[in-house]
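Make the complex out of the two chains shown on their own, each in a separate frame, by following the hints.
For the record, the sequence lines run as chains A and B. Sequential numbering of the first sequence, starting at 4, is according to my numbering. Sequential numbering of the second sequence, starting at 94, is according to my numbering.
Treat the hints as calculated values from the structure; they're not laboratory data. Do not take every clue at face value.
As the list claims (entries may be wrong) - Interface residues of chain A toward chain B, partial, derived using beta-carbon atoms under 7 Å:
1) Thr13
2) Val15
3) Arg184
4) Val229
Claimed, not checked - The calculated lysine-lysine pairs, modelled on DSS-like cross-linking and capped at a C-alpha distance of 30 Å, are:
5) A/Lys10 / B/Lys133
6) A/Lys10 / A/Lys251
7) B/Lys133 / A/Lys222
Treat the numbers as computed from the prediction; the structure is a model and nothing was measured. Beta carbons: idealized from backbone N, C-alpha and C, even for Gly.
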Amino acid sequence: MSADAKKIPTPVGLLAELTHRCPLGCPYCSNPLALEPRADELDTASWKDIFSQAAALGVLHAHFSGGEPAARRDLVEIVAHCAKVGLYTNLITSGVGLTQALVKELADAGLDHAQLSIQDSEAESADRIAGYSGAFARKRAAAEWITQAGLPLTVNAVIHRANVARAGKMVEFAVALGARRVEVAHTQYYGWAMINRAALMPTAAQAEAAIAEVEALRKTYAGVIVIDHVIPDYHARYPKACMGGWGKRGLNVTPSGKALPCHAAETIPGLEFWNVREHSLEDIWFNSAAFNAFRGTDWMREPCRSCERKTIDYGGCRCQALTLAGDAREADPVCHLSPYHAKVAEIGEVAAGSKEIDCEPAYVYRRVKLPEPAE
Amino acid sequence: MSEESQTTSVSRPRLPRGVRLKHDETRGEWLLLAPERVIKADAIAVAILQRCDGIATFDAIVDDLAAAFSADRGRVEADVRALLENLAAKRMVDL
Chain A
4 MSADAKKIPT PVGLLAELTH RCPLGCPYCS NPLALEPRAD ELDTASWKDI FSQAAALGVL
64 HAHFSGGEPA ARRDLVEIVA HCAKVGLYTN LITSGVGLTQ ALVKELADAG LDHAQLSIQD
124 SEAESADRIA GYSGAFARKR AAAEWITQAG LPLTVNAVIH RANVARAGKM VEFAVALGAR
184 RVEVAHTQYY GWAMINRAAL MPTAAQAEAA IAEVEALRKT YAGVIVIDHV IPDYHARYPK
244 ACMGGWGKRG LNVTPSGKAL PCHAAETIPG LEFWNVREHS LEDIWFNSAA FNAFRGTDWM
304 REPCRSCERK TIDYGGCRCQ ALTLAGDARE ADPVCHLSPY HAKVAEIGEV AAGSKEIDCE
364 PAYVYRRVKL PEPAE
Chain B
94 MSEESQTTSV SRPRLPRGVR LKHDETRGEW LLLAPERVIK ADAIAVAILQ RCDGIATFDA
154 IVDDLAAAFS ADRGRVEADV RALLENLAAK RMVDL
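One chain only, chain B, in its complex shape (with noise of 0.2 Å):
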């Protein structure tokens, strides 16, 4: 894997133009719209997702992530890391 879709903690993962998160309202469900692509996101994805703005860095999105769900910190940044490395590869999310 190139250095491109590697994450670093100060990494501001942001979904690139070309990319969007939509509820569809006919579906009843969270998408990711991309060139040729949709993938249904779940709600661990959408509450990722949200929170890449460009902005925020990785390690303060799962920062919020852990506060906001109490949940493991460890745990929080490992799911993170896969779905955006996964993306990155995809070219679905700049890191």
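Looking at chain A on its own, in the form it has when it is part of the complex (with noise of 0.2 Å):
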């Protein structure tokens, strides 16, 4: 390890996209719109090399993403082998594809914690922004087998205009499914939720009464459940340190094996990704260019060079800044002082400005095949 390498903080969590493979279509999906085949997934002991490498590099959590984790018929192997090297594990499941005994076993195999998505409150609208019918009781189903394996449960509930409306109502549903943590994340606009931005994204005046009825509920359920709640980026003053800063707490790794400093990082031109295939992870979180591309405050241009959060947010979003201001060096655009603040005003603004909201909005759903476009 070099000197420089001393100042790089040890990663705290590695997300691991186990596959991209997933029963749901949610318009809102994180997953690029090239999704990565099956055939290019990174077989069990590869998954356990990493880690392995990843326990030994420091990482305290490994998060199993994708898709669907439980599409892997190895997630218990994997499982299993995470907790006997000491890493804190948690599934990130959509709930279709467990079953009651693959539960019980990913229990037995040591799983720490299960994070359970929801799609909305009311069944009908949950399948329908799922784009699977049946969806909703199946995950009804997937907390109960959840709970009873004794595993703690978080409900995560991604916020858009089609269920905007009850957000509170799906604070008080991961209540009722004995959920001791509920995440209510405001859609953020990258991959499949920027291509559906228009049908999603509610009105400055929905998005402010959903925030404030669930921090209301803080209150009401302290003790019982936690909320973590993220609010909506283009209705905010300054950006989020997303991330908690580029190459700073944490790495995804694609179901193929390459290493990104963020889920979305891909769509930044000219960064090159190492493959765990081909580079240790110690490598790649100090000695890769694009880890080190936007890490600490270097890189920085202004508004952010001379500004006294730069180490608070960090200049926010990489990929939104991209985005939006059409470089990945600029601030986050979210920010008031950027330059490019107005064109997110704008954005907001349309969809405050439409005069009738259309609550059942068509959506581009996450298929294996992004659809040609219409023109």
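Here it is, written out as structure tokens:
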């Protein structure tokens, strides 16, 4: 390890996209538009080796994500391996594809925690959002299996126009499902969410009402459920410290083994992502150009460079800077100090200006193959 | 605050499944690991949390710590209560 490397913090979490296969078609999915095929997926031995390396590097949390991680037949074996090497294991699941037997096997293998997504508190709307008939009922069953197995449950709800009126109801639903923690996250516009942005974005007034409703429930449910609240970007004054800072807290590994500083990083042109098949995790974390590209503050331009918040939000999200300002080295335009901020406000106003807000907008569902553009 | 995060003398606090106290070799420190959370645990927190086994009562834990550290019982009790109620509110300890 070089002297420079010593200044680079140890990663806390590794998010393993075990597969991009998923039965659901959620229009806000954070996976890339070009999903990786099953034939390219890393095998069991490769994943075990990656997690061993991660533990040795100082990673604490192993997150199994996707796609739907339960689509991997070796999920139990991978979980057991992670438990053996001392990692805290977190299953991020849609619930569809789980069985009661599988949940029990995962619990016995040492799984520490499960996070279950819900699309809405009402079945019909939830199934429509997921693009999967019967998903809601299967998720209810999955929640029961998870809590019966003694596993702590987090419910994750992504908020957008079709369910924004029920943000508080979804917290109540999470309590009813036996969750100890709920994540209420307003949609962030990357990947599939970006192409569905016009159908997903609520008005500022809708978003504010939802935020107030959820915040009020913190007191109601103190000591019962922990509420983690991710408020919407586009109506904010300052950006979020995306990923807690680039190359600072965690990394993603895609189904085929590409290591990414965040799940949307592949949208940034000019970055070369090393693969775990060819490089050690340690080498990737400390030495790859992609992980060093936006580390710390040296890469920043104005207004970030002289900003007192530069080590608080690290200039926000690089992918969003790229999408909205045309260059990943710009300040995240969500920041009111960005010269491109007007564009964000404009997008927000377009949503707010829609006279009739359609609560059942047409989506481009996440599928293996992106539909051809209509034009 | 709800009843679930109130400590009583007969509470038997424990770390629920999904919360782990771990000595991390890489960082050389004790950490409390929970879903999406990592909290550094200082020596006092470690001493308290290592006794939260779901068997020992709150009073027994306080007695044990006061004896082990030759400390004032009232002070120890206040420290233990503050830590456990804080963590219970985060659902990282069951009382």
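Legend entry - Restraint check, 7 Å cut-off on beta carbons, for A/Thr13 near chain B: This interface hint holds because 6 Å falls under the 7 Å limit.
Legend entry - Hinted contact A/Val15 with chain B - closest CB pair below 7 Å: holds, 6 Å
Legend entry - Interface hint outcome for A/Val229 [beta carbon to chain B under 7 Å]: Hint on A/Val229: holds, closest Cβ of chain B at ~5 Å, below 7 Å.
Inset, instruction - Could you grab the alpha-carbon distance between A/Lys10 and A/Lys251 and see if it respects the 30 Å cut-off? - result: Measuring from Cα to Cα gives roughly 10 Å; hence the hint holds.
Legend entry - A/Arg184 as chain B interface residue, shortest Cβ-Cβ below 7 Å: holds, 6 Å
Legend entry - Distance restraint between A/Lys10 and B/Lys133, which requires alpha-carbon spacing of 30 Å or less: Since the Cα atoms of A/Lys10 and B/Lys133 sit roughly 20 Å apart, the hinted pair holds (cutoff 30 Å).
Inset, instruction - Below or equal to 30 Å on CA atoms is what counts here, so check B/Lys133 against A/Lys222. - result: holds, 26 Å
In this structure, every one of the numbered hints holds.
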